[in-house]
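Here's the letter readout for the chains.
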Amino acid sequence: MTTLTLTTSPILTRPVPGALANIAAVAGRELRDALRSRWFILYTLAFTALGLGVSYVSAASSGGAGLSNFGRTTAGLINLVLLVVPLMALSAGASSVASDRERGMLAYLLAQPVSRLEVLLGKYVGLAGALLACLTLGLGLCTAILAWKGQDTGVAAVLTLAGLAFTLALGMLSVGMLVSVLARRASVAVGTVIFIWLVFVFVSDLALMAGTIALRLPIDQLFLLSLLNPLQVFKMWSLHAGDASLDVLGPAGLYAMEEYGPRLHLIFAACLSAWIVLPLTLAAAVFARRSPL
Amino acid sequence: MIRIENVTKRFGRVPAVDGVSLDVPVGESLALWGSNGAGKTTLLRCVLGLLPYQGHIRIGEHDARADGKAARMLLGYVPQELGFYDDLRAGEALRFFARLKGLRLARSEVHAALANVGLDGHHAKRIRELSGGMKQRLALAIALVGDPPVLILDEVTASLDACGRGEFVAMLARLRGQGRTMLFASHRLDEVTALATRVVMLERGKAIADLPPADMTRRLGAGSELHLLLDAAVRAQAVALLRERGFEARLNGRGILVPVPESQKAGPFRVLAEARITIADFDLVPADGGHTHSEGTP
Amino acid sequence: MNTRTAISVMLVLAVVGLAPAQPHEAPTAIQRAPETVRSTGVIGRLIERAAPGDTIIVPPGVYREHLRLDKPLTLEGGGKAVIDGDGHGDIVEISAPDVTFRGFIVRNTGDNLDKENAAIRALAPRATIEHNTLTDILFGIDLREAPDSVIRGNVIGGKPLDPARRGDGLRLWRSDRALVEGNTLHDGRDAILWYSKGVVARGNTSRRCRYGLHLMFSDDVLIEGNTLEGNSVGVYLMYSTGVEVRGNRLLANRGPSGYGVGLKETDRFTLRDNYIAGNRVGIYLDGSPFTQAQPGRVTLNTLAFNDVGMTFLPSAKGNLVTENNFIDNLNQVFVAGRGNLDANRFWEGDRGNFWTDYSGYDQDRDGIGDFVHDSTTLFDGLLDREPKLRLFLFSPAQQAVEFVGRALPTMRPEPKFVDEVPLMRPVAVTLPPAPRTASRVMLIAGAGVLVGVFLSVLAAARLPACVFEIGGRS
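Protein chains in written order, with our numbering: chain A, 845 to 1137; chain B, 80 to 377; chain C, -4 to 469.
The reader is advised that the hints may include incorrect statements.
[Stated by the list, open to error] Okay, the calculated beta carbon distance ranges per label pair:
hint	chain 1	residue 1	chain 2	residue 2	range
1	B	Pro131	C	Ile439	53 to 59 Å
2	A	Leu1072	C	Ile439	38 to 44 Å
3	B	Lys204	A	Ser1031	40 to 46 Å
4	C	Thr265	A	Pro1062	42 to 48 Å
5	A	Leu1072	B	Glu84	37 to 43 Å
6	A	Ala1058	C	Gly82	55 to 61 Å
7	C	Gln287	A	Ala1058	37 to 43 Å
8	A	Pro1062	C	Glu397	25 to 31 Å
9	A	Arg1107	C	Asp361	54 to 60 Å
10	A	Leu1126	B	Ala293	31 to 37 Å
11	C	Val399	B	Ser210	52 to 58 Å
[Said to hold, decoys possible] Computed footprint of chain A on chain B, listed as stretches where at least three residues anywhere in the stretch have a Cβ under 8 Å from a Cβ of chain A:
hint	region
12	128 to 136
13	151 to 159
14	180 to 192
15	198 to 211
It should be emphasised that the hints constitute simulated quantities derived from the structure, not laboratory data. As the structure is a prediction and not an experimental result, all values here were calculated from the model. Using N, Cα and C, we set each Cβ at its ideal position, and we do this for glycine too.
Start from the sequences, fold in the hints, and give me the full structure.
Written as structure tokens, this is what we have:
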């Protein structure tokens, strides 16, 4: 009787779905949900509008005389990315797990034949897709504006910027998800990432500025400390990739060029990769132990 | 089909499940019976792999902890209330969970699965547009995807009104006849009598009895507690009336509580009907030695 | 003066027996002759035989020889005659006045920096060197005491050497009144004038060199309509008087010093109508004017998107800076060292400059801001104290600092300079049209790629749901 029922049951003839299949399924679900969500639409609109503003203004101020304004346009877009993208990625990550847990969705999802790592990675991939969509739409329209206004901007610079912005977004998404698995409530998670955003965007830089003046920080220490902030790394990497030089950043930039030369790309890549991999690994470790309820 | 060996789950220092061992053979429908906080839901969550626990749980061939994914492939789970992306359409939700079980449903299969639980034609409705009963039926359809040999039901009618509850229980009763193993938590006597082939009574995390449903009703002779949901305006009047007729009725947040002896469960209904007081809803809860119910049913 | 009635000495005639009217119409058989066929010294023997005033038309081909033009001759290369120096020594030396050397490809000099191996060296007045292409050379055109010479339309490209081992693409030594026009220099060291008065440098282009145009002790020079882009420094004037720099495009000169125009101890200079953008420093003034009585004048220039618009060393005093457009330079005006710019003036009469960072307004609509412009941001002030902080440029923290500076005027540093009559609108400047380097098509393609990625993400997300819904409703 027992064996009969088990063997006739279709479930046993079907293999357990692989990790990739489950990640893809969860990612697709998450992506669809993110694209429909208010935060995504809001951030995308804000990013796109501000980006268009930056491109239009910088293209207009260079107009007529055919000014070569590549540097300022890129700088404006870098500035915009620094402000908007971390906030967007952090808050997307922060609400992902925490709000699901709050709504009871997480327990229901984990009661299915999926592993927790699959759910976490699926969410990560899905949200990364949403962020990619936001960035490419914003920067794509900016590029169109630049082309329309006859701006003397290299296409490689724009594509590089998009790629690096996405890398930064991945890192911030990682941090956001770590906060999300740690926080008890979604509101706490969102509050925490806003604080983290403030630290990355303003507090750490201002502190480092103050420290440089007050403690007379040597230039090598200043540069190394600035590498701790992923936003600074993104900024320096974008400038370095666009101009093949960091000299615009003054003595510290020149120091970095002379000291590390072509290895700078590797250093920047390593820093940003660490911001992607480490928080996500930690998040996975915490998520595996935490109750989903 | 399900073997639970000496499972203990503590929250802090308080054991929610305390050394429970159970063996559910294929085709059996086992009810976990007990009051709120007796550990029913916690035990189910251990089976589902949602909570870490001490002891061992096996589902079919698979250890629920070491081989959780494979173990859960054998389970269909219906929660108290379906919480999922509100914007999702019923058909989409069904397809999503089917994919997690390794199935890609064709359109006709989606329609058939929904029709099976009486949701024909609702595939394009968003979850938030569904009524409570429809949500539970969708959850059941999802649980049944891939035809799993075991169903885990956790207070599945708790959020439904009397009418929806009856329909849902009837649906589950039909399923029981198809040779599925069922493990469900409930504190409703009617559900247990309708669905269970065996009842395990839990109290403060411990299994205190393991008996057929018929025996349970006898054992409950000591009395149950009737929860009546009444309009606020008539509550005081109802309490007075019932006390007049010998029931120890008392007021509670949303209604009144009446401890009733096993033979007189319908008594209060008669009393109130005579006074033309309308009962909005009711619930029968086993009394477990004292007034542990400080509030009514959820 | 340089051209006389020519006797065409047809080399081809002697060899093959054909006499085409023009060398470039020579039979294809000859044009295709392999490079090794030409023996060395062929042109040399013709020069030996030629009489002063003759024209020698050299047919296409590769000539591995070194020439010495010691009588007033005209040599025509037709753009296809190659003179190959075989990697040693100088290649062409003009030692007689009134020589014209035109239309050759001269390549492959030696690389001895001490001996200053040059492609073409002129040692006599009134040389005309035009429409030649010089490649793989150490020094390009070297005039030594060759006044009144004309260097026109040459393309001069250096050897692919380490910058320290390169030679000057163009050098004038004591060659007054030379005309340097329409030449293109790339990948060399400098185009440099030593002790050469009254030279006109017009319409030249310089890319990836060290100094685009460098004047040493050369007075009354006119530098006009040149495009100097991507060099270490655009124009560098040193110890020269009466130089006029007019209508040039000085772009993205970003070497270690990286000046669009640098002036060191230069008197009575005029910078006018230049477009100076994307340099490390737009205009760099060091000890200029050297003599207080001979002030410098900076007017009608557009300084845009440079790291620093104008840098003044404390020694720069007595300059008049009016009607310039200061557009979005990271630092519009920078004073190296402590102190201010009281010794220089940023307005004259009612004409000041246009500043994109001017924060005042113009209520009476007279085109002049109602408040003086003395903008110094807090971040600039911090940079003066600690240049290392430039690392934080473009970061939101920088904007936060500037916001604080605006909100709390007490935090603002002392103004370094004052423009009493700032202009509300940019001054219209006349500029030659810019060559576009970035392709609009490529940009549109880039936009397409990005939007394409966006659409494919959307498609990846939406497609299954849509298919289901459409299917479901049918």
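Kindly confirm whether 37 to 43 Å is satisfied by the beta carbon distance between Leu1072/A and Glu84/B. Given about 50 Å between the Cβ atoms, the range is violated.
Using the Cβ atoms, figure out if Arg1107/A sits within 54 to 60 Å of Asp361/C. About 57 Å separates the Cβ atoms of Arg1107/A and Asp361/C, which means 54 to 60 Å holds.
If I claimed the Cβ atoms of Leu1072/A and Ile439/C lie 38 to 44 Å apart, would that claim hold in this structure? holds, 39 Å
Okay, Lys204/B versus Ser1031/A on CB: inside 40 to 46 Å? violated, 30 Å
Is the distance from the Cβ of Gln287/C to the Cβ of Ala1058/A consistent with 37 to 43 Å? Given about 41 Å between the Cβ atoms, the range holds.
Is the distance from the Cβ of Thr265/C to the Cβ of Pro1062/A consistent with 42 to 48 Å? At roughly 44 Å between Cβ atoms, Pro1062/A and Thr265/C fall inside 42 to 48 Å, so the hint holds.
Determine whether the Cβ-Cβ distance between Pro131/B and Ile439/C falls within the hinted range of 53 to 59 Å. The hinted range 53 to 59 Å holds for Pro131/B and Ile439/C, with Cβ atoms some 56 Å apart.
Determine whether the Cβ-Cβ distance between Val399/C and Ser210/B falls within the hinted range of 52 to 58 Å. holds, 56 Å
Verdict for Ala1058/A, Gly82/C (Cβ pair) under range 55 to 61 Å: Hint holds: Cβ distance 59 Å, inside 55 to 61 Å.
If you count the residues of the region 198 to 211 of chain B with a beta-carbon closer than 8 Å to a beta-carbon of chain A, do you get 3 or more? violated (count 0)
Three residues or more, CB to CB closer than 8 Å: is that satisfied between the region 128 to 136 of chain B and chain A? holds (count 4)
Is the gap between the beta carbons of Pro1062/A and Glu397/C within 25 to 31 Å? holds, 26 Å
Checked against the numbered hints given earlier, this structure breaks hints 3, 5, 10, 15; the rest are met.
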